[in-house]
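Single-letter residue listing:
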Amino acid sequence: MQPTEQAASVRDADGHRPPPWRDVRVIRVALQVGFVAAALGTIWWLYSNLANNLARLGIRRDFAFLDQSAGFTIFGSDFSATSSIRVALWVGLQNTLRVALLGIALALLIGIVVGVLRLSSNWLVKRTASIYVEVLRNVPPLVLIIFFYLAVLQTLPGISDAATPGDVMVVSNRGVWLPWVELGTGTGAFAATAAVAVLAAMLVAAWRRRVHDATGRPHHRVLWGGGTALVLLGLGYLTLSPPISMSIPLLEGRSVTGGALLFPEYAALLVSLVLYTSAFIAEIVRGSIQAVPKGQVEAAQALGLSSWDRLRRVVLPQALRIAAPATGNEFLNLSKNVSLGVVIAYPELLRVGRQAIGNGQPAPQILLIVLAAYLGVSLVLSLGVNIANRRLQLVEH
Amino acid sequence: MVSWRRSYIMVAAALTLGLAACTSEGDAPEDPADVVDDDGDSAASADSGEGVLDQVRDRGTVVCGVNDAVPGFGVTTADGDFEGFDVDFCRAIAAAALGDAEAVDYVPLTAEARFTALQSGEIDVLVRNTTWTATRDGGEGASFAMTTFYDGQGVMVRSDAGFGSVDEMGDTVICVLSGTTTELNLESQFSARGLAYEALTFEDNDTLREAFLSDRCDGWTSDKSQLAAVRSAWPEDEGGPAALTILDDTLSKEPLGPAVRDGDTAWFDVVNWAVIATIQAEEFGVTSSNVESLAGSTDPETEPELARFLGIGGFDAGLGLDPEFAVDVVSQVGNYGEIFDRNIGPDTGLGLERGENALWTDGGQLYPPPYR
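Line by line, the protein sequences are chains A and B. The working numbering puts the first residue of the first sequence at 1, with every later residue one more than the last. The working numbering puts the first residue of the second sequence at 1001, with every later residue one more than the last.
No lab work stands behind these hints: they were computed from the structure. Ideal Cβ placement from N, Cα and C applies to all residues, glycine included. One or more of the hints may lead you astray.
A short list of chain A residues far from chain B (calculated; beta carbon distances all over 10 Å) [stated by the list, open to error]:
id	residue
1	P18
2	L66
3	D67
4	L106
5	T164
6	G188
7	V211
8	P218
9	G258
10	L320
11	V342
12	L379
13	N386
14	R391
15	Q393
Pairwise CB distance ranges, derived in the manner of DEER restraints [what the hints assert, rightly or not]:
id	chain 1	residue 1	chain 2	residue 2	range
16	B	D1206	A	A163	26 to 32 Å
17	A	I43	B	T1133	36 to 42 Å
18	B	G1164	A	I43	56 to 62 Å
19	A	A163	B	T1077	43 to 49 Å
20	A	A194	B	D1167	38 to 44 Å
21	B	D1206	A	A194	26 to 32 Å
22	A	R313	B	D1171	36 to 42 Å
Pulled out of the complex, with its shape left as it was, chain B reads as follows (with noise of 0.2 Å):
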């Protein structure tokens, strides 16, 4: 009778085993067939034999993944368009490759999305806050162009608390938002400096403001750029952005600039030198208003520079651009100082100095390739 009945048992296990590992032996395969379909589609969009920029001028836009809600960054208008520094030098790209700003589509992505999308050639063009490290560089199969913003983790206290400094800030706690690599970079500067500290780390960011509004504890940390978003938009009654203070220590370097795919030097060129114009037009003096007439009046036995960037000659430097495309960029978007004043310099709600982010010659950055 038992063996009866175990007979059975070793029936049924036996199909029933056989079965699951059908069906899961069926569907094993559709998941390389799967990877095969995105592989091939983006092979079909990046390797086709015509180049991006060919595809941009074939399509007639820019398609740009950006930010839509870091202010002064990338946002959202209440109209539905895009804004910001970042969106700027989608639109630059844009004047660069197609003479006109307003050619661009723009494709929000989030944190975790943003390298997919460059890679499965969803987008064109990525200029979104993205830092350029090495690992993206290399892993993420991104080139980064001209670093567009150089930001940093910075520490931000009270301004009655009395820090000068990240050096005067032993035996204080730190408010540190959870997600991201800034524990790292705290701990490796606090303890290279041998200062004692706690860090409180939270979740999100509202908790994190409210802890450190009611003096929990004595310094936030993430980079400038975000600290400075949230000192502008401190609460009057707590005695608005004067209240707070950004250290002038950087605890990181933050370079953050656009990214394109791997393996299309073309167009890479064209994103790097689109950035190049909008910080050699500043060099240079030519803004968005003055623009047109210095390319009218501009002698090139004079000012054999200026003439060159200007495409007065007929110089090309072989970029894949007309000649005159550093026109377009400052006439319809503006030089670097114009971009960065208009979203996130001292009028604007972030309030940023130019700090690093100035020209070389101010003692900043900001150090254009010559156009020659």
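Pulled out of the complex, with its shape left as it was, chain A reads as follows (with noise of 0.2 Å):
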């Protein structure tokens, strides 16, 4: 209807037309047409002045180049020399995601807590979280980097008189060496096991939900479903021969042989941006929560339930779904920052792209290699979030 609608309201009174200058619809088309050809032109433009100089200059435009032989070598990795940049630039991209995935899970996990702990009735603790989320957010997420670095990792003994606590693990500022788990020989049989006990869990699990949903009793379902699993994987564990045996770092003079190595480099990035983060998403959460209208905890308080079953039934279900966009744009920061990690040596894909640049290689291709992954990286990060939020917005029928 509304095109008619529009279409009449440009006739006058007698039903003729205004010329087209004068048109409405005429000048809206034009603008917004203008608008696409112009930004389009702007880029051509730019792109066509960048050709022109690169070409001026000597400098190759193709991406032959990412199947050349790197000639360098990536800091904690197997990647070698005779890799090519591609292999060297992928090598980036894991590093950059090793550090965005797991800081985005403990910066949540971290920021629901201090959040959640902002809103404490207990005194010293509603303050010892205002305090980390005040100092934490306040400080540039690079200076913070550079200090855990510096300042923190960097302080530890070094390697030749490194400490030994409990001779389990290594620390020194080359890395701390954790005891970590190797595969044995039982694995196939202990898989096997495992896989036994998880459907046990889950047939039990249903069980209990069946006895719930008959008699009213409390199900415990996740208690009764664990519980039948962790008694099937210890007897599998005590009977098959170890599935697993532990490595435990080993120093000897400068090396140290066994163990999973954390680079301080690696520990420093994500420590201070797990940190940084944290301390919005806690910000995030506790206005989430106090968003939650109040009648919903005094209805709840009203029906008897207990404090941590207001929060986990009631409160964090609704505030979840207010701080879900918001969160998001954490995340999509958490992963952008991790390009910090270029100033403390961390071979993230800033980091390697540079070097391939230092190396010779040509660095508008590099450069926009690494816009195009970062940019890919956010998209993926955000069509999640968005997915995460569209399922916990409330239906309306």
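Take each chain as given, in its own frame, and dock them per the hints.
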């Protein structure tokens, strides 16, 4: 109906059209088309400018360099100097994701806890959480990263006199070696046991659910199911040959064998980004909890729910709905801030890209790839956040 | 109705695209015009019939592209003067060409800008820690004169770590500064020796320094002259310079020398022989303190080579220079050894030994062509 109304609106009483330059429809269309064309034209002009200048300087514009062997190594990876630039950038992206994904999980966890604690009725807990938030969110993340790297982790003992607390780990400024599990001989049999245990747990959980539905007694299905699985797994572990063995790091002179190594560069970047982002998430969580209508809490109190059940079953589910979009932004921030690792030699994507540029690879193409990769990561993350958000929203009938 | 609207869209699109195309076509010819302008400028200064030497003499100064931030090689002093090893060679060139070592206009240049400045004729000669390489000789259109400093990529370690040479550095962590080809040299040298290592690549020198200070890495690799500068400034509470050792191994060749534009051999000769004169003077034992008396007392009969070098007896090699140019260079700037000792030698902050930069008679690389 709208088009005809619009069409009618531009005719005068006698049904005559105004001339095109005063026709509001024509003006609207022309403006939009003009804007799009101007935007495209600007992009095209910028590109041709770049292309002209690169050609004038004799700098290549193709992407054939991606298949050349890199000639450099990447810290903390098996990447060999004979592998291609393409692989180098891929290793860099993996290192970026390694910080981003674990960082997001940890920041969310800490953020929720601190956010809830900020609303605690205990004065000490509340103040401590406030100080945590106010200190961390008011410091630039780059300062945090450099602080953790140089002022915290680099002051650990050197490798020759590294600390070995309990003889199960090695702590030095070259990294912390932790005891780690290694797959043993009985892995296959144990995997089968694990599958049986999971199946049994699901069956038990379903049975408890039915009991609950039939009798109204609390189902405790997590407790029952988990217990079943644990018992079965324990039996399997004791009877079958051990599926895993512990690898304990051993310090010999200046080198360490065994264990799993946590690089100081990785640790400093992860810890600072998690702390920084969790402060923002905590604020979002606090705000969202306070945004849950007071009547909801009062109703829960009236029902006699415990404070834990009030939080878990009434407040948090509703607060989560409010917090989701803003928290998603913090995830994006964290994943982009991983590029700050460039200053402490963490081999994330930008660092590897710059390494390649420093060793004679073309800068425009590599930076374009880095740009596209970060854009891709952010888009995938925001897609995930949007899907989660849509599922969380109240469905209005 | 729809076709009516579409026609407007098409008209508008055509108009706007046409406009966009016009503006960018209008801009496009400007770029080549700029290029022509640049070329015109450089052509005017470089190829206008008279060579750089004539221009320098007309102008009365040598325009010398230098570094202003590398201690020992080229730095700006508190009162705005320039000093350093490279700067002294600018002065030697001015002394040879004009007879006055102070007739130099210094142009501090960044690493990226240096060859553009040389190509465009903004400077007459580039003396700025510049490594003589094939692509610079070819693609950048530069001609390199006699090498003034044989540098090389080295590895610095903590003295107490017990590394005597690079061969002992298997399973180590090496700190590198990003943005140079240092990593490529490191990789090729270590893999050639079959040594496992991990390179920790830093973005800036300060973080790298802190990491090395706290023993994050076993070695720090860079040009030896740069490592020496770091070592000389090592904090006393960390043991001072003695706490660090620069290994003798050299991972790459970095011959540093003055560069001029391709195509002016007369000027190239001047620059080349100004450098050679300082080395030759050291070989002859001619210093800034004895050059005047030697010039007055040397007998062409008994010491013909020295006499030719000092321009006694009217010997002119045909370099387009004053026959006594070597006297001007040595008396005003000094011989190679004096320049070295004054700026980067053992008694300076950098504390570099002569090493490769000793005279050939002392087992070094400095081998001046005979002056005859």
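Now for the hints, and whether the structure bears them out:
no., hint, result
1, P18, "holds, 14 Å"
2, L66, "holds, 18 Å"
3, D67, "holds, 17 Å"
4, L106, "holds, 24 Å"
5, T164, "holds, 17 Å"
6, G188, "holds, 33 Å"
7, V211, "holds, 58 Å"
8, P218, "holds, 55 Å"
9, G258, "holds, 15 Å"
10, L320, "holds, 39 Å"
11, V342, "violated, 6 Å"
12, L379, "holds, 27 Å"
13, N386, "holds, 32 Å"
14, R391, "holds, 39 Å"
15, Q393, "holds, 37 Å"
16, B:D1206 with A:A163: 26 to 32 Å, "holds, 27 Å"
17, A:I43 with B:T1133: 36 to 42 Å, "holds, 38 Å"
18, B:G1164 with A:I43: 56 to 62 Å, "holds, 59 Å"
19, A:A163 with B:T1077: 43 to 49 Å, "holds, 48 Å"
20, A:A194 with B:D1167: 38 to 44 Å, "violated, 49 Å"
21, B:D1206 with A:A194: 26 to 32 Å, "violated, 51 Å"
22, A:R313 with B:D1171: 36 to 42 Å, "violated, 56 Å"
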